[in-house]
Amino acid sequence: MSNPTHNPSVAAEPLPFDLMKVPGLRRLFHWRHLRTVLQIPLLIVSVAMILDGLLGPSLAPKNLATTLSWVHFRGALVLVLLCAGNFFCLACPFMLVRNVARRIFHPRLNWPQKLRNKWLSVGLFTLILFCYEEFNLWSSPWWTAWLIAGYFSAVLVVDGLFKHASFCKFVCPIGQFNFVASTISPLEVKVRDLEVCDSCGTKDCIRGRRAPGPELVVLQRGCELALFQPLKVGNMDCTFCLDCVHACPHDNIGILSRLPASELMVDPRRSGIGRFSQRKDLAALAIVFSFGALLNAFGMVSPVYALESWLAGILHVNSKAPMLGVLFALFLVLEPAVLLGMAAWLTQIWGGSRRALVPLAVRYTYGLVPLGFGMWLAHYSFHFLTGLYTVVPVTQSAAARLGWNVFGSPRWTLLGIPMRYVQPLEIGFLVLGFAGSLLVIHQLAESDCAERPLRAFAPWAAVALLLWVAAMWMMFQPMDMRGTFLAG
Amino acid sequence: MIREIRLFSWPLGVEGSERCVSAIALGIARTRRSGIFAEFACVAVLLASGCSKPIAPSADVAIEYGISPEPVRVGPAVLTVKLRDAAGAPVAGARVSLEADMSHPGMAPVFRNAREIAPGQYQGALEFAMAGDWVVMIHVTLPDGRTQEREVSVPGVTTN
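In order, the protein sequence lines correspond to chains A and B.
As numbered in my numbering, the first sequence has no gaps in its residue numbers, which increase by one up to the final residue, 1083.
As numbered in my numbering, the second sequence has no gaps in its residue numbers, which increase by one up to the final residue, 162.
For reference, chain A alone in the conformation it holds in the complex (with noise of 0.2 Å):
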């Protein structure tokens, strides 16, 4: 990415807005300890799901563990996302835990390099969509206190045994769909000014800093995640934990705008990435994003319920667990395979694209990024916004549990946002991501065919427009909710 004060053809270019010079922030965003701050009350929470969830009613709508859970965090998560970046992850708390834990372990070992890749996570978020649906995790505050305690032991075995941030690069499932998500937020953690880095003598951002003497103690980190700031691009792989900040001498690190989504539309070599184009597990794990994000929507409609029943029929399989196996592998395995491919192909013989039918497909799929991303939107912000007042009940229900009537009898009728002005946000969301993947589609159409682009983004821009109707067709089922298999 070109920096204004380095490319004199772009130097009229308005500098992008810092959010780290908005006044009050940049002092903020400076502390040293802002995100333990930020950590504490989610750590707060954290536990009390954790609990609420083991203890607590085994009633969904009655539980913390739930409510936060699949109404509150994701749908929050999703809308950060779409606001500014990936402050879930500065402010997530199974860090603090492994931060807590470093002080008394010391990992020795490196993250083994047959492992330096997104595969693990693309499994392992594949495999929590498939817990959520074959276990019914929105329904089960005992499996979902299970699910963030699993996460916390994760993290300590992982970070424990590994240096560097292991777990966050390599297999944290949701910072996977965070820094696939954050490609299309409108903030990212860059250099101001890229000559300051030319005459950087230190490199502080990526090795931090240590104090003189024999032991070497780490005074400051650097990237824990080995994004090296003058040639980082994008959001992905970052956890917005500002430690590149705290670590510049220069001051030379902001929290800066720039076109939600651009990162997807160029291909650059990218410290601790490499180019997009030749990442065949990022290219999988963005199918999964985008592909799951319409099944875990077809998950929660009553036509799924017809599907299985058909497909129970002709398999002669009676059972939830190879019946779901079966769903996944036609919607994130047969169904991409076949869609990509046949854009990729024909992207060949029309376009006249060079690249090969792999690579090709590898790399148009970043472009329906957008699409998913804004199915993920639709759906969670529904949830959040329609359940957005059901924390207090049952905050108010947990605290009288436990003795504390501060908070008063649990108001139950408190809702949210009533769904008729829910459901054109929903659309807008779609709209949007449609319109966000068509542009990517057409920017990456142009620099690989620039003669004959629009025959390259034909046949992407209707893959797009396949899923984006079925995701408008999802939108106007009925709701289904039901654990039950075959229930009729």
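Errors might be hidden in some of the hints.
[What the hints assert, rightly or not] A few chain A residues that don't get close to chain B, going by computed Cβ distances all over 12 Å: (1) Asp613; (2) His625; (3) Val640; (4) Lys657; (5) Leu719; (6) Phe725; (7) Gly796; (8) Arg802; (9) Arg804; (10) Leu1020; (11) Gln1038; (12) Ser1042.
[Said to hold, decoys possible] Derived list of chain B stretches under chain A, where covered just means 3 residues or more per stretch with a C-beta under 8 Å from a C-beta of chain A: (13) 99-110; (14) 120-134; (15) 151-161.
[As the list claims (entries may be wrong)] Cβ-Cβ distance ranges computed for the label pairs, FRET-style: (16) Gly908/A x Val80/B: 30 to 36 Å; (17) Tyr67/B x Lys709/A: 42 to 48 Å; (18) Ala932/A x Val154/B: 42 to 48 Å; (19) Arg711/A x Val154/B: 38 to 44 Å; (20) Arg97/B x Gly745/A: 57 to 63 Å; (21) Phe700/A x Asp146/B: 54 to 60 Å; (22) Ala89/B x Trp1068/A: 54 to 60 Å; (23) Thr149/B x Leu674/A: 36 to 42 Å; (24) Gln1018/A x Pro71/B: 25 to 31 Å.
No wet-lab data here; the hints were simulated from the structure.
The C-beta atom is built at its ideal place from N, Cα and C for all residues, glycine as well.
Please build the complex by placing chain B on the supplied structure of chain A, with the hints as guidance.
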């Protein structure tokens, strides 16, 4: 007779409480010996040893119910509740309220009062607004002021 012991303010049955207390004792003993690993292990033992599901207090009034239409579909439904004491006699003069929730959090609950249509027999109308799994809570306040609850699962409510 209602048997109930409270531990950390959560109602637990006698059996469940004993399991929790022994798990805590085990936890304290091991924590002193083996440090932080044992502490984590004890929390896991505590949570997995029966504290996970509060055991409902045993009832001295039986709550029976029936729902129509069967199978339940999106739209109106009628829930009939019968209350009987330990001798099998109907319990008249109770207050019965119904609360229907979807299994997914964040969805609109339905609240209705049931009226007594015969001695010990109460009836209330519910409106299932959406397809999916529902849970109906029957809240009973007995004439002597004691309260009881029964959770009724209504899975797979379908569209018409």
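Checked hints:
The claim that Asp613/A lies off the interface holds: its Cβ sits roughly 36 Å from the closest Cβ of chain B, which is beyond the 12 Å cut-off. His625/A, annotated as away from the interface, keeps every beta carbon of chain B farther than 12 Å; the closest lies near 33 Å. Against the 12 Å criterion, Val640/A stays outside the reach of chain B, whose nearest CB is about 15 Å from its own CB. The beta carbon of Lys657/A sits about 8 Å from the closest Cβ of chain B, which is not more than 12 Å, so the claim that it is off the interface is violated.
Non-interface status of Leu719/A relative to chain B is upheld: no Cβ of that chain comes within 12 Å, the nearest being about 22 Å off. Interface exclusion of Phe725/A from chain B stands, the closest Cβ pair being 18 Å apart, more than 12 Å. At roughly 42 Å from the closest C-beta of chain B, the C-beta of Gly796/A stays outside 12 Å, upholding its exclusion from the interface. Consistency note on Arg802/A: stated as away from chain B, and its beta-carbon is indeed over 12 Å from all of that chain's, at 31 Å minimum.
Every CB of chain B lies more than 12 Å from the CB of Arg804/A, the least distance being 30 Å, so the non-interface label holds. Listed as outside the interface, Leu1020/A is consistent with that label: its C-beta sits roughly 16 Å from the nearest C-beta of chain B, beyond the 12 Å cut-off. With 12 Å as the threshold on Cβ separation, the claim that Gln1038/A sits away from chain B holds: the shortest Cβ distance comes to roughly 38 Å. At roughly 43 Å, the least C-beta separation between Ser1042/A and chain B is larger than 12 Å, which holds for a residue marked as non-interface.
Counting residues of the stretch 99-110 of chain B whose C-beta sits closer than 8 Å to any C-beta of chain A gives 9, which meets the bar of three, so the coverage hint holds. Restraint check on the stretch 120-134 of chain B versus chain A: 3 residues with Cβ-Cβ distances below 8 Å, three needed, restraint holds. Check result for the stretch 151-161 of chain B against chain A: holds, 5 residues qualifying (beta carbon to beta carbon below 8 Å, three or more required). Hint check: Gly908/A to Val80/B, Cβ distance near 34 Å, so the stated range 30 to 36 Å holds.
Checked against the hint of 42 to 48 Å, the pair Tyr67/B and Lys709/A fails, with Cβ atoms roughly 58 Å apart. Restraint check, Ala932/A to Val154/B: a C-beta distance of roughly 45 Å satisfies the suggested window 42 to 48 Å. Range check, Arg711/A to Val154/B: about 52 Å between beta-carbon atoms, so the 38 to 44 Å window is missed. At roughly 43 Å, the beta-carbon separation of Arg97/B and Gly745/A lies outside the given 57 to 63 Å, and the hint is violated.
Take Phe700/A and Asp146/B: their Cβ atoms lie about 58 Å apart, and the range 54 to 60 Å holds. Judged by the Cβ atoms, the range 54 to 60 Å given for Ala89/B and Trp1068/A holds: they are separated by roughly 58 Å. The beta-carbon spacing between Thr149/B and Leu674/A, approximately 40 Å, falls within the hinted interval of 36 to 42 Å. Taken as a hint, the range 25 to 31 Å holds for the pair Gln1018/A and Pro71/B, whose Cβ atoms sit roughly 29 Å apart.
This entry does not satisfy hints 4, 17, 19, 20, going by the numbered hints stated previously.
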